[in-house]
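I would like the entire structure built from these sequences, with the hints used as guidance.
Line by line, the protein sequences are chains A and B. Using my numbering, you'd call the opening residue of the first sequence number 123 and step up by one each time. Using my numbering, you'd call the opening residue of the second sequence number 123 and step up by one each time.
Rather than coming from a laboratory, the hints here were simulated on the basis of the structure. Please read all numbers here as calculations on a predicted model, not as lab measurements. Some hints could be false.
Derived BS3-like pairs (lysine-lysine); straight-line CA-CA distance at most 30 Å [as the list claims (entries may be wrong)]: (1) A:K278 to B:K223; (2) B:K186 to B:K168; (3) A:K278 to B:K294; (4) A:K186 to A:K164; (5) A:K278 to B:K168; (6) B:K294 to A:K194; (7) A:K223 to B:K253; (8) A:K194 to A:K164; (9) A:K309 to A:K278; (10) A:K309 to A:K349; (11) B:K309 to A:K278; (12) A:K294 to B:K278; (13) B:K253 to A:K253.
Quick partial rundown of chain A residues pointing at chain B, CB under 7 Å, derived from the structure [claimed, not checked]: (14) L249; (15) S260; (16) S266.
We treat Cβ as the ideally placed atom computed from N, Cα and C, and that holds for glycine.
2 protein chains.
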Amino acid sequence: MKIDINTRKKKCSCMSCELRNLVFSFLEEADVQLVCETREEKSFAKGEIIHHEGDMIRDFKYLKSGLVKLYKTTSEGDEQIITITRPFEFVSNTSIFHEEKYRYSLSALEDSIVCCIRIDLIRELILRNGKFALNLISVLARTSENIISLSLEIRKRNLAGRIAYVLLYFSKELYHSRIFELPVSRKEIADLISMSSANVIRTLSEFRRDGIINSNGRTIEIPDMNKLEMISMRG
Amino acid sequence: MKIDINTRKKKCSCMSCELRNLVFSFLEEADVQLVCETREEKSFAKGEIIHHEGDMIRDFKYLKSGLVKLYKTTSEGDEQIITITRPFEFVSNTSIFHEEKYRYSLSALEDSIVCCIRIDLIRELILRNGKFALNLISVLARTSENIISLSLEIRKRNLAGRIAYVLLYFSKELYHSRIFELPVSRKEIADLISMSSANVIRTLSEFRRDGIINSNGRTIEIPDMNKLEMISMRG
DNA sequence: CGCGGCTTTGATGTTCATCAAGTAAAGTGG
DNA sequence: CCACTTTACTTGATGAACATCAAAGCCGCG
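Structure, rendered in structure tokens:
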């Protein structure tokens with residue numbers, strides 16, 4: 123599905139937005155109105171970059187729909203993927219409150235809609251609404267904790283364990299299904315778990331040969347969760 | 123230096139505390155007084171555990187002096203060190219605002235003093251003081267970003283690069299000196315960079331043989347920063 | 001002074017990266 | 001729409017990097 127550049131900015135009602143409960147649950151009606159009027163909703167097609175590391179931070183962004191990856195490009199030019207997240211889990215790069223520029227890049231793995239609210243407005247709301255501030259701290263903390271936790275889970279495993287972990291993550295956390303379409307290339311899995319793409323492919327092939335998964339291109343089926351969980355645990 | 127258990131709780135004036143500027147710069151005098159009256163200052167000897175993962179969270183903690191490590195114990199029983207920090211950089215595990223129990227353990231690498239403020243009081247201050255909240259968000263975000271950044275720096279390097287990076291971190295960030303005492307065992311370095319302790323030792327020996335460092339037990343001297351930086355960059 | 005933990009070094013084998021070569025798939029331009 | 005180009009994927013072979021195991025020395029502590 124291609125997205126026309128003219129549809130980049132559109133409006134809907136914030137009052138009924140399902141995400142209002144996540145971040146803006148403690149705002150009064152008037153403030154919700156204020157947010158609603160000044161915000162911009164932007165659509166990004168699969169593969170598009172939402173922001174680059176080094177870009178000036180102007181907006182507080184959260185994901186309304188789609189799937190994104192947060193990543194950093196090393197000086198050698200390869201990507202380190204920090205996290206892959208969906209709406210309701212992802213809010214924003216936490217550096218927005220203490221830095222001028224983004225540390226990490228963000229791009230869309232699926233067609234995505236991002237809601238952008240001026241960071242100045244968020245600051246203002248924090249200043250005058252304690253409940254909003256307290257809730258926001260909690261949401262931001264959760265986002266960071268998820269990233270840290272993911273990194274710990276990955277770094278303690280070997281190649282097979284990492285891949286099993288990632289497949290289970292996609293299956294259980296993102297798609298809630300035993301069958302799903304991988305939203306990423308083999309290379310991107312490699313960039314997420316810090317292994318070579320050749321070995322990611324090899325391991326997926328071995329899983330297929332051993333009946334741990336059925337796969338066809340990016341379609342993955344997990345016939346027996348327990349087997350994969352065993353590999354994830356002992357790897 | 124041994125610390126008597128009776129000195130665990132002591133008081134000093136918060137008004138003049140150098141850390142007031144970091145976290146409590148936007149409190150009014152009366153609130154600083156309130157914090158000062160209810161807080162507890164606890165001393166921990168080198169090696170003591172400040173809290174275990176799984177402990178109930180009651181306090182907002184920050185480090186007044188000393189050096190601590192934040193870590194997680196895996197189901198196999200080995201430690202993954204998340205970060206090693208000093209005062210002025212470290213504030214607290216960010217899970218305090220959205221979880222009941224600590225996710226990670228914290229222990230003292232050097233004799234340390236931790237200032238403990240009831241989390242309820244911090245919440246109250248957030249609710250009624252927007253500037254305090256905004257500043258706190260910024261400090262918490264910085265803490266998380268440092269952890270994420272460290273993990274990215276480590277995971278993109280090989281063994282020698284990781285060790286060079288860690289030595290430079292100790293030298294430049296923690297001790298601001300070309301000569302310093304390692305605050306951690308070889309095994310703890312291994313737990314920080316996710317490598318085996320035997321290979322950490324081997325690499326340090328090689329660095330010594332090659333004149334990259336001079337070392338005697340835990341004393342490390344870096345005769346030529348550039349050499350180590352070269353290894354850190356290309357590794 | 002003897003015990004246990006940390007450190008050190010060597011030998012061995014496993015794991016993983018790299019290189020290369022080929023195939024499939026997907027976009028691109030005429 | 002087809003030929004072309006590019007990118008993603010796949011597999012095997014090779015070697016480098018790293019873990020593991022083992023034995024010995026050192027040090028601090030009770």
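Checked hints:
1. For the hint pairing A:K278 with B:K223, the CA-to-CA distance comes to about 22 Å; that is within 30 Å, so the pair holds.
2. Of the supplied pair hints, the one linking B:K186 and B:K168 holds, its CA atoms being roughly 15 Å apart against a limit of 30 Å.
3. For the hint linking A:K278 to B:K294, the alpha-carbon distance of about 28 Å falls within 30 Å, and the restraint holds.
4. Pair hint A:K186 plus A:K164 holds up; C-alpha atoms about 10 Å apart against a cutoff of 30 Å.
5. Straight-line distance between C-alpha atoms of A:K278 and B:K168 comes to about 27 Å, which keeps the hinted pair within the 30 Å bound.
6. Taken as a hint, the B:K294 and A:K194 pair is honoured in the structure, with Cα atoms around 24 Å apart against an allowance of 30 Å.
7. For the hint pairing A:K223 with B:K253, the CA-to-CA distance comes to about 22 Å; that is within 30 Å, so the pair holds.
8. Using a Cα cut-off of 30 Å, the hinted pair A:K194 and A:K164 holds, with the two alpha carbons roughly 22 Å apart.
9. This hinted pair checks out: A:K309 and A:K278 have alpha carbons roughly 20 Å apart, not beyond 30 Å.
10. The straight-line distance between the Cα atoms of A:K309 and A:K349 is roughly 24 Å, inside the 30 Å bound, and the hint therefore holds.
11. Distance restraint check for B:K309 and A:K278: the Cα-Cα separation of roughly 15 Å lies within the 30 Å cut-off, and the hinted pair is therefore satisfied.
12. Between the alpha carbons of A:K294 and B:K278 the distance comes to roughly 28 Å, so the proposed pair stays at or under 30 Å and holds.
13. Our distance criterion of 30 Å between C-alpha atoms is met by B:K253 and A:K253, whose separation comes to about 13 Å.
14. Annotation: interface hint on A:L249 holds; nearest CB of chain B at approximately 3 Å, less than 7 Å.
15. Hint on A:S260 holds. Least Cβ distance to chain B is approximately 4 Å, under the 7 Å limit.
16. Proximity of A:S266 to chain B holds as hinted, the smallest CB-CB distance being about 4 Å (cut-off 7 Å).
This entry satisfies every hint, going by the numbered hints stated previously.
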